[in-house]
Amino acid sequence: MSDEVQISTWKTKVGLAEMLRGGVIMDVTSVEQAKIAEDAGAVAVMALERVPADIRAEGGVARMADLRIIEAIMDAVTIPVMAKARIGHFAEAQVLEAIGVDFIDESEVLTPADEKYHIWKHDFKVPFVCGCTCLAEALRRIGEGAAMIRTKGEAGSGNIVEATRHMRAVIQGIEELKGLRDDELMTKAKEMGAPFELVRQVAREGKLPVPNFSAGGIATPADAALMMQLGAEAIFVGSGIFKSEDPEARARAIVHACTYYNDPHEVAKACRGLEGAAMPGIDVRSLPEEERLATRGW
Amino acid sequence: MAARIGVLALQGDFAEHIKAFEEIDCTVEAVKTPEAVLSCDALVIPGGESTTIGKLCERFGVGEAILQLHANGGAIWGTCAGMILLAKEIEGNDTQWRLGLMDMAVRRNAFGRQVESFEADLQVIGLDRPTRGVFIRAPFVTRVWGDAQAICTFRDKIVAVRQGKLLATAFHPELTDDRCMQHLFRRMIEE
Numbered sequence: 001m002s003d004e005v006q007i008s009t010w011k012t013k014v015g016l017a018e019m020l021r022g023g024v025i026m027d028v029t030s031v032e033q034a035k036i037a038e039d040a041g042a043v044a045v046m047a048l049e050r051v052p053a054d055i056r057a058e059g060g061v062a063r064m065a066d067l068r069i070i071e072a073i074m075d076a077v078t079i080p081v082m083a084k085a086r087i088g089h090f091a092e093a094q095v096l097e098a099i100g101v102d103f104i105d106e107s108e109v110l111t112p113a114d115e116k117y118h119i120w121k122h123d124f125k126v127p128f129v130c131g132c133t134c135l136a137e138a139l140r141r142i143g144e145g146a147a148m149i150r151t152k153g154e155a156g157s158g159n160i161v162e163a164t165r166h167m168r169a170v171i172q173g174i175e176e177l178k179g180l181r182d183d184e185l186m187t188k189a190k191e192m193g194a195p196f197e198l199v200r201q202v203a204r205e206g207k208l209p210v211p212n213f214s215a216g217g218i219a220t221p222a223d224a225a226l227m228m229q230l231g232a233e234a235i236f237v238g239s240g241i242f243k244s245e246d247p248e249a250r251a252r253a254i255v256h257a258c259t260y261y262n263d264p265h266e267v268a269k270a271c272r273g274l275e276g277a278a279m280p281g282i283d284v285r286s287l288p289e290e291e292r293l294a295t296r297g298w
Numbered sequence: 299m300a301a302r303i304g305v306l307a308l309q310g311d312f313a314e315h316i317k318a319f320e321e322i323d324c325t326v327e328a329v330k331t332p333e334a335v336l337s338c339d340a341l342v343i344p345g346g347e348s349t350t351i352g353k354l355c356e357r358f359g360v361g362e363a364i365l366q367l368h369a370n371g372g373a374i375w376g377t378c379a380g381m382i383l384l385a386k387e388i389e390g391n392d393t394q395w396r397l398g399l400m401d402m403a404v405r406r407n408a409f410g411r412q413v414e415s416f417e418a419d420l421q422v423i424g425l426d427r428p429t430r431g432v433f434i435r436a437p438f439v440t441r442v443w444g445d446a447q448a449i450c451t452f453r454d455k456i457v458a459v460r461q462g463k464l465l466a467t468a469f470h471p472e473l474t475d476d477r478c479m480q481h482l483f484r485r486m487i488e489e
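Protein chains in written order, with the working numbering: chain A, 1 to 298; chain B, 299 to 489.
Chain A with its partners taken away, still in its complex shape (with noise of 0.2 Å):
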C-alpha cells in the first residue's frame, strides 16, 4: 500500500463531469440568482457578467468575469461553481484556477483571445469543458485535456437548433466510427483532424471518453428533455432562466424535465409548472456569419 497522494489526476477531474451528469448547470450572473439556482435543484452554475443574450445584445468584448462576482458566488452556494475564459486565454484560466473556481469553461460565448490555438488543459489542476459542433472538434479539445465535452449550440439564441444540429454531429460520428476496422481508423483520423488513438479507443468503446453535455440554445423543459433523448448526460442552460419571465419556476421546470427526460407524462407536469413566457428567441438563419458564436474556435 502506498502512502502517496495524487491530488487533481485525470480521474478526479472526468470524475466531477461524471458527478455533474443528469442536472442542469446554470448561467448566473449575481449571488440572488445563484441561491434560486441551486434552490431549483442546479447541479452547479457559471458565474457570469452578463448571459450570453446580453453579451449579444450589447456586443463589444467579452472577457473572464469579475473576480469579485465569481469569489462572491463561491461564497454564497455549496454546489460547484463554474466560471468562463476565452478560448486561447490560459492566463484568464490561471487566474480562475488560483481563485479555486471548480470547472472552467474555454468558452466561445466569450471573445476569442487566440484564433489559433486553446489552452494546454493538461497543464491545470481544474478541469475544463470545452464546445464542439461535431466529434472531430470534440476529439481535439479533449486530446487537448478536456475533461467534460459541451455541443456549442448557439448561445443566447434562445433557440435549439444548433444544439440539436452539433449533438446528432457527434452522436452520428460515433456511430460511424464504431462500424470501422482498425485499418481504416488511421486514415478516417486524418480525414477528420482528430487524435488517432482517440479515434481509436471511440471506435472500440462507442462513446466518449468524458462526458457528453449539451448547450446553448436550451429555453425550456421539452428543450431539456429533447438535448437527453438524443444523448446528451446533462444541460447547461445560459439565457434561458433568467432571460424568462419566470426564473424560479422555470428553473424548477427544467431540472424536473431533465430527471424525468424519457417520461413525456413527467415532462408535460414541468412544463404546466411554468408561470410565464420563455425568453426571446432568435431565427439563427437571420444572424450574420460574424454574429455566430458557434463558429468561433475550432
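Simulated from the structure, these hints should not be mistaken for laboratory data. Where is the CB? At the ideal position from N, CA and C, for every residue including glycine. One or more of the hints may lead you astray.
Computed cross-link-like contacts, EDC-like style, restricted to lysine to aspartate or glutamate with a CA-CA straight-line distance of at most 16 Å [stated by the list, open to error]:
1. B:K317 / B:D419
2. A:K11 / B:E488
3. B:K317 / A:E205
4. B:K317 / B:E488
5. A:K35 / A:E248
6. A:K243 / A:D75
7. B:K455 / A:E184
8. B:K386 / B:D401
9. A:K188 / A:E176
10. B:K463 / B:D339
11. B:K463 / B:D426
12. A:K35 / A:E71
13. A:K11 / B:D339
14. A:K35 / A:D3
15. A:K116 / A:E144
16. B:K463 / B:D401
17. A:K207 / A:E191
18. A:K11 / B:D476
19. A:K11 / B:D401
20. A:K125 / B:E488
21. A:K243 / A:E71
Ranges between beta-carbon positions, derived for each pair [as the list claims (entries may be wrong)]:
22. B:A301 / A:R285: 47 to 57 Å
23. B:T451 / A:E290: 54 to 64 Å
24. B:S337 / A:V161: 54 to 64 Å
25. B:Q394 / A:A277: 31 to 41 Å
26. B:Q394 / A:D3: 29 to 39 Å
Please arrange chain B on chain A, whose structure you already have, making use of the hints.
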C-alpha cells in the same frame, strides 16, 4: 433468486455504479421513481450533488420510498453525496434534506474544493488488501455513535462507515477497476 440492486438515477454517476455491478454479474438497474425503488432488494445512492439529489428525493417522493426500503430490511450503500444523505447530521447545516439513517456526522467538501480532489490507497476493515480511493469534493465523517462503525480512515479522517445493512463511503469505488467494495456490499445484501 439473485438480489435486485437498484441504483438511484435521479442525478450523479449512476452509470458507473451500474457498470461496476454488471461486471460482477449482479442484477442491477437504474431507478428513479418510488415504485422502482421499492421493487428492489437493495439500493445504491451514487455520487453527485447531495443538495440536488436530496431536493429531488423530497420533491418526487423517492426519499420516502428509500426509507420504506430500509424499513423492509433492504441494504443501502451511499457513495460521496450518498454518504451525506445517509448521515443523521450534516455539519453546520440543519436544513438540507437527508435520509438521516446512519449514526454519524459528516462535513461536506471537507478536503477542499475541486482542485484539491485526490487519489490515495486505503485499507478498509473487512477487505484483505488495500483499495484505491478516488475523492472528489469529498466529505468525511467527523463523528460516529450508536451502532455505526468506522471501517476506514485516511489521515485520521473517517471515510467509510458501516451500520447493519447500511454502508457509506466518502470515495468512489465505482470509478476504479477494483470491485472489492461491490463484493462487500453484495455480501451485506446476502447476510
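### Query
Quick one: are Q394 of chain B and D3 of chain A within 29 to 39 Å, going by C-beta?
holds (34 Å)
### Message
Would the hint linking K35 of chain A and E71 of chain A be met if the CA-CA limit is 16 Å?
### Response
holds (14 Å)
### Message
Checking one constraint from the list: CA of K116 of chain A to CA of E144 of chain A, max 16 Å. Satisfied?
### Response
Holds, because 14 Å separates the two Cα atoms, which is no more than 16 Å.
### Restraint status (C-alpha distance of K125 of chain A to E488 of chain B at most 16 Å)
violated (41 Å)
### Query
Hey, K35 of chain A versus E248 of chain A, does the alpha-carbon distance stay inside 16 Å?
holds (10 Å)
### Query
Holds or violated: K463 of chain B with D401 of chain B, Cα cutoff 16 Å?
Status holds; Cα separation ~13 Å.
### Query
Taking 16 Å as the top limit, are the C-alpha atoms of K11 of chain A and D476 of chain B close enough?
Roughly 14 Å separates the two Cα atoms, so the pair holds.
### Message
Quick check: does the Cβ-Cβ distance between Q394 of chain B and A277 of chain A fall within 31 to 41 Å?
### Response
holds (33 Å)
### Task
Compare the distance between the alpha carbons of K317 of chain B and D419 of chain B with 16 Å, and conclude whether the hinted pair is satisfied.
Measuring from Cα to Cα gives roughly 22 Å; hence the hint is violated.
### Task
Compare the distance between the alpha carbons of K35 of chain A and D3 of chain A with 16 Å, and conclude whether the hinted pair is satisfied.
The given pair, whose Cα atoms are some 40 Å apart, is violated under the 16 Å limit.
### Given pair status - E191 of chain A, K207 of chain A, alpha carbons within 16 Å
Measuring from Cα to Cα gives roughly 20 Å; hence the hint is violated.
### Task
Please work out if K386 of chain B and D401 of chain B have their alpha carbons no farther apart than 16 Å.
The hint holds at about 6 Å.
The structure does not agree with the numbered hints 1, 2, 4, 6, 7, 11, 13, 14, 17, 19, 20, 21 and 24 stated previously, though it agrees with the rest.
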